[in-house]
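Since each chain comes alone in its own frame, lean on the hints to assemble the complex.
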Amino acid sequence: MGYKTVDRPRLRFLERIYLGPVVLGLGRTIKHFFGVFADLFRWDRKKYAITMQYPEERWDFKDNFRGAPALVKDQFGREKCVACQICEFVCPPKAISIWPAEFEDAANNVEKYPARFEIDMLRCIYCGYCEEACPEEAIFLVKEAELVGADKRAFVHDKEKLYAMGGIREDRILKWHHK
Amino acid sequence: MTILGILGKILHIVIVVWLVLPLLAALLVWAERRVSAFMQDRLGPNRVGPAGLLQPIADLLKFIFKEDVVPGHVNKVLYVIAPALTLVPAMLTFCVVPYARGMAIADLNVGILLVFSIASLGVYGITIGGWASNSKFSLLGGVRSSAQMISYEIPLGLAVIPVLLVVGNLNLESIVAWQAGHVWLVLPLFPAFVVFLVSSYAETNRLPFDLPEAETELVAGYHTEYSSMKFALFFLAEYINMVTAAALVVTLFFGGYTLPFVTLPGGAWGTLLSGLIFAAKVGFFLFLYIWVRWTLPRFRYDQLMGLGWKKMLPFSVAVILVTAGVRAYLLG
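Residue numbers (the working numbering), protein chains in the order written: chain A, 1 to 179; chain B, 1 to 332.
In short, the hints are calculated from the structure, not lab data.
Don't take each hint at face value.
Here are a few chain B residues that face chain A, going by a calculated C-beta distance under 7 Å [stated by the list, open to error]:
#	residue
1	MET39
2	ASP41
3	THR258
4	ARG293
Cβ atoms here follow ideal geometry from the backbone N, Cα and C, with glycine treated the same way.
Looking at chain B on its own, in the form it has when it is part of the complex (with noise of 0.2 Å):
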């Protein structure tokens, strides 16, 4: 690679996923504001702004003038990296991400694994965050966010598999490519995109799964005794979180950047037409999440559990195996 390509590379980095992204996770925070205001019978922020638009922006100002409060029962070193350890993993997830025809930041042939490995991460920075807080509050929140993402993984995971069967790669390009030629996998694998959307809930700790948090019960679980920026890097780590389960729903189930019985044209506006619709997709998907979390309440631990483990898990094994004895018996 060039310097060139290097310093491109780099560039491309930092517009996405140090621009883009952190622009979407505040519109998508107005979004949610605003949305669960409608659903309310309310109208929401609207008042800084047209429509209330630039409400986060005002949000984040706050953020960075409070102070910065480390309370001294904490275990600073741990207490300081936590929101960081969750936030980087939040960004690097998505790099692998075809968001338009040929524009992932990282093209490579391990991507769907990269995805789950680096996530799988960022239960640490929430765990870490719980514990060094030395609240009863934060570590309840901690231990079960880390509880909730194990739990949740085998069937997210599980759930990617009857895909890779179907498409046989694991490189994200090649899926989409395969559903552009073929069929939204999203019709002959209903099931598999259930699971992986009732995971992917668990996996951000969005509501009805967002135990880790439990307002109700945890005042703010994991991120109680978090203030200023510290609390804004967890805030922002959630909701890029989300932008990237959405992100891979869209890729896996719904044709990522295509479109059926439609062929962009080629060149810089094709790139961009597969990039907004790309991004109409994922819009959906970001609604739905929004929409789902204003509709249901929480599930109780147990219930959280007992869900996981006794209904998702056998679910999606028993999807694999169809898939697979169907694979079998297509191609004899």
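Just chain A, same shape as in the assembly (with noise of 0.2 Å):
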């Protein structure tokens, strides 16, 4: 016990000069240096060289990619959140704030809108529940990924900012107009 001894293969002489092994190294680095640089020259399909050049080339996110949270309207741009608040309850790190408020005159059977729609985005952690519990399926996480703000303010995201991010979703049930 405590050591054990190795058996080191003894070397031949071509082995203990290094000449060889360095030589099929030096092939093999100077195999990638021109691969990257013949690569440089190619728009397509690079083989060695793929590191991603950011700001010009973004990642391709699919379309289940949980990004930030944003509203949707419909195909007739109604705002489909009613403002149950189902999500503001569900969220984790309680990151959506919401204040409702009644329609006049009820239009498409629908009593209530979100006045204010909030979601800190310090705050939230990308979980998807608000998606997950939305009994309207008003909010989705989006593709949105990159978010940048000079002060904690502007992560604050608003109604305006949060339907501008979601965009418009068809709606194939509209289960609105069949009440």
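Have a look at this one:
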């Protein structure tokens, strides 16, 4: 116990003067050097230079990417949120704040709408529970992932910003039309 | 020498040593980073200026504006002069190299001896820097550096002797002239060239012999405690040493600024052309330095010493004996 004697292979002369492996290694590195060099002049299918040049090239996010949460409107431009506040309730870090208001004329059978809808992106953990919980399919996690701001206020997304990010999603059920 | 001649010489020194060499070193830093990146399937700095060429300038600005920290535990006098002691020999050695036809700053008859005597002074800067820093990493780096440079200076010097035996002259210009008249010395003296090249890696503290820095073991070696411009001076010295070493390899073994079978035109154009030829050759060897650095891992310390004393030294002595024997036989 304690220590173990390891058999070291006795190197042959050619192995001891290092030169063969050195030349092989040099060949390997120069192959990659010219590979990247050739890739600089190739605009499709780079084989070696696979580094993404970030501000010019962006990630190709999939449709189920969980970026920043945003509100959506249906194909008629109606805001789908009915201010039920379930997302506000389910939100683990309490990032969502909703101030509900009632419609005077109750158009489309909808009674409530969010007067103010704010998501504090400094609190948001991108868990997607709001999207899961929403009974109206009004809130989605969109592909927006690069949020920049100079102060904390810039990271509180208001209703206008949330609709701008969410845009329009076609509603195939239109349940309020069939009431 | 007339006043005008002296002024011209000073201008020559200022342009070559203070302007071209540091710019070349800056270019080399950029090349090092891009080439290493390419070899590792990355792109390297490509943002500042065209293809990232201005990156070293940005680095330099950063160095200038950084706080110049002198740690409280250092020997202040030695700590301050150590970077200069490294940089000055690095710049001085280039003076005897004929970088274009008739364009050595100092065309000395003892050229190659001057190179060795000055280059061996460079170790003082590193050792003193390591000692003055008063930290174990720096000290170990400095001690390793001195041991390594002393061990490899001997094969380096011995590898030059076959060249001197063949040419029969210490003057670098005459060595170039001999090669222009006969043959590049790398062909008859290939073993000496290999010894010289390998030793020059150790002499310039480059991988696979960068034991004085050895990031993985010694943080940064002798310049661990240095920051801002003082660190930049060490850095600059390393790269200027590389240029000088490459220039020496080219001058001693690859015909300097000449090409075989080609007679350069006289006058200014010929001189310019010879300078470009020299630059191309030096450029290849600088690339080789970078290439080797990003290919080979670092030697262990005892392997380094074993290679230096037990293999390179006897081998270079054997090369000298064979060269001397052949020369004696040929010349009767």
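The hints, checked one at a time:
1. Interface restraint check for MET39 (chain B): the shortest CB-CB distance to chain A comes to about 4 Å, inside 7 Å, so the restraint holds.
2. For ASP41 (chain B), the suggested interface contact is upheld, since its CB lies about 5 Å from the closest CB of chain A, less than 7 Å.
3. The interface hint given for THR258 (chain B) is violated, since its Cβ lies 27 Å from the closest Cβ of chain A, which is over the 7 Å cut-off.
4. Because the smallest distance between the Cβ of ARG293 (chain B) and any Cβ of chain A comes to about 10 Å, over 7 Å, the interface hint for this residue is violated.
Consistency with the previously given hints fails for numbers 3 and 4, ordered from lowest to highest.
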